[in-house]
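Given the coordinates of chain A, assemble chain B onto it according to the supplied hints.
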Amino acid sequence: METVVFALLNGVIYGLLLFMLSSGLTLIFSMMGVLNFAHASFYMLGAYFAYTLMEGSNFWIALFIAPVLVGLAGMVVERYGLRKVHARGHVAELLFTFGLAYLIDEVVKIFWGRTAVNYKVPELLDFPLFTLYGAQYPAYRIFILLVAILMLVALWYLLRRTRAGLIIQAALTHPHMVGHLGHNVPMIFMMVFGAGCALAGLAGVIGGNYFITDPAMAVQMGPIVFVVVVVGGLGSLEGAFIAAMLIGLLQTSAVSINASLADIFGFLGLAGTSEVGGITIASMAPMLPFLLLVLVLMVRPTGLMGDREV
Amino acid sequence: MNMATTIEPMLAIKDLHAYYGKSHVLNGVNMEIMPGEVIALLGRNGVGRSTTAKAIMGEVAPVGSIRFKGQEISGMPNHKIARLGLGYVPESRDIFPAMTVRQNLLLGIKDMRRPGKWTIQQMLDMFPNLARRADNPAGVLSGGEKQMLTMCRTLMGDPDLIIIDEPTEGLAPLIVQQVGDMIAEIAKAGVSILLVEQKLSIALRIADRVYVMGHGEIVYGGTPEDFATRDDIRKEWLEV
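Here the protein sequences come in this chain order: A and B.
For the first sequence, our numbering assigns the number 1 to the initial residue and increments by one for each residue that follows.
For the second sequence, our numbering assigns the number 1 to the initial residue and increments by one for each residue that follows.
Watch out, some of these pointers could steer you wrong.
Selected chain A positions facing chain B (Cβ under 10 Å, derived; list incomplete) [to be verified]: (1) Leu166; (2) His180; (3) His183; (4) Asn184.
27 Å max Cα-Cα, derived BS3-like pairs, lysine-lysine [stated by the list, open to error]: (5) B:Lys110 - B:Lys188; (6) B:Lys22 - A:Lys84; (7) B:Lys80 - A:Lys84; (8) B:Lys117 - B:Lys146; (9) B:Lys69 - B:Lys117.
Partner residues are not named here, just some residues of chain B that face chain A (Cβ under 8 Å, in silico) [as the list claims (entries may be wrong)]: (10) Val25; (11) Met99; (12) Gly108.
Read the hints as simulated data drawn from the structure, not as lab findings.
Where is the CB? At the ideal position from N, CA and C, for every residue including glycine.
Looking at chain A on its own, in the form it has when it is part of the complex (with noise of 0.2 Å):
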């Protein structure tokens, strides 16, 4: 019981996460037509803001500025960078975001270094907030829990509650209507880009110190990213919402789960000594997402809510 009840607290925390960063991709997808593999770079890029900034002020300051930096950095992206290379079509676009992602990786090891930065959880939510079963909980999760709901309510109102969020969506479906309509499309889709690179910042600012600050977090967290905006469906906010609670769930409680595959399969006669038997489906935990994805493709390529195939 103990183990299920933290596994789905985590799992949830962790899916919250992962629909920060989707939730910008899988917009930006909207708007581009392509992925944006330089996505996870702007989440890089969040954790080591705050780090930098949190050495001359404190974590509060941090929380509200890197994110604010972050989008500051993807508008400059999307207007003097993509919105050239977009003239040149889809493939033109992909490679750029590619070699984006290479170059603020880069650029993250010249200025913090190669090795993973010292951005601890404030002392101020390091305390255990309540004990369960015997066990303590860290109020910091609780802290990303409050963070992600109110990025996710304040999203939700933002786009299908105000004006500027009915012409962002009608932007992103009919982009050449509503710019005869009057509104200023470029700048919408700049304004998009920069909002999705600030949420990116914000998982980065309240995940870096939960997980590790080092220039591979980006890449490690990147695929998964993927793997969520793909599940649910391109362009689909409900859909990358399902999809982040549906891996992060199914990860963490993975990673939770003793038994091996001897335990399960015993039965078959596989025996818990042997090279197949002893793996445990906590080990198997990685794999879990691409599994996802992969199945998904081969079944249901539009994705879980999307309409438009990969």
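Just chain B now, kept in the frame of chain A:
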């Protein structure tokens, strides 16, 4: 002081060319629309009527001069053209299907701080069909209702001139009549209209002047009365 009595045209097109890849679609179109005028642009399929509309709106790259209210708009971003007061109702209608009728109308307003002379309520009062479905997704509307919605949405932006491309295409005769009535209503409100249309009956009923296109240029311009006497033009450029 020179009290000039000549009225400036609202839209003046001079020697307009347009290309799709290597094919030369517009061959030097010349056209003028005066304030408050309703112009029908006629011609067979493929002579460049829709392309003329698209070139004015920047959907197709224009080569030549397009002056709207005295300002050169050739090559201008589409939202800036719209903000000068030029509305566009494309052939594809392009309603936002997932949004409600009301939300579609709301997006027609360019600036909430300076709304135009038309209100959403006025639109709904004028068109009971739209009012009944005001809070339904626009995607469920019939073809005629979608056409009405697109025109209403453009009106919400308070344009001085609207370019309406093939509004009656694919609509039942009764609905064609209603769309015609609506365009007449818009004209009565003082809005200039460039109507790209194939159905002569609608065009001649509403238009102050008629242009006929052939092979990417204007081959005739005149009043509906004069046009009625020109069997030669109709035979050569319109009848199939």
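Checked hints:
The closest approach between the C-beta of leucine 166 of chain A and any C-beta of chain B is roughly 6 Å, which is under the 10 Å cut-off, so the hint is satisfied. Hint status for histidine 180 of chain A relative to chain B: holds, with the closest Cβ pair at about 4 Å, below 10 Å. For the restraint placing histidine 183 of chain A at the interface with chain B, the shortest Cβ-Cβ distance is roughly 6 Å, inside the 10 Å limit, so the hint holds. For asparagine 184 of chain A, the interface hint holds, the least distance from its beta-carbon to any beta-carbon of chain B being 5 Å, beneath 10 Å.
Between lysine 110 of chain B and lysine 188 of chain B, the direct Cα distance comes to roughly 23 Å. Compliance with the 27 Å bound is thereby established for this hinted pair. A distance of roughly 24 Å separates the Cα atoms of lysine 22 of chain B and lysine 84 of chain A; the hinted pair therefore holds under the 27 Å criterion. The hinted pair formed by lysine 80 of chain B and lysine 84 of chain A meets the criterion: a straight-line CA distance of about 20 Å does not exceed 27 Å. With a CA separation close to 22 Å, the supplied pair lysine 117 of chain B and lysine 146 of chain B stays within the 27 Å bound.
For the hint pairing lysine 69 of chain B with lysine 117 of chain B, the CA-to-CA distance comes to about 19 Å; that is within 27 Å, so the pair holds. Annotation: valine 25 of chain B was flagged as interfacial toward chain A, and the flag is violated, the nearest CB pair being 18 Å apart, outside 8 Å. Among the interface hints, the one on methionine 99 of chain B holds; its C-beta lies about 6 Å from the nearest C-beta in chain A, closer than the 8 Å criterion. With a least beta-carbon distance of about 6 Å to chain A, the hint placing glycine 108 of chain B at the interface is held under the 8 Å criterion.
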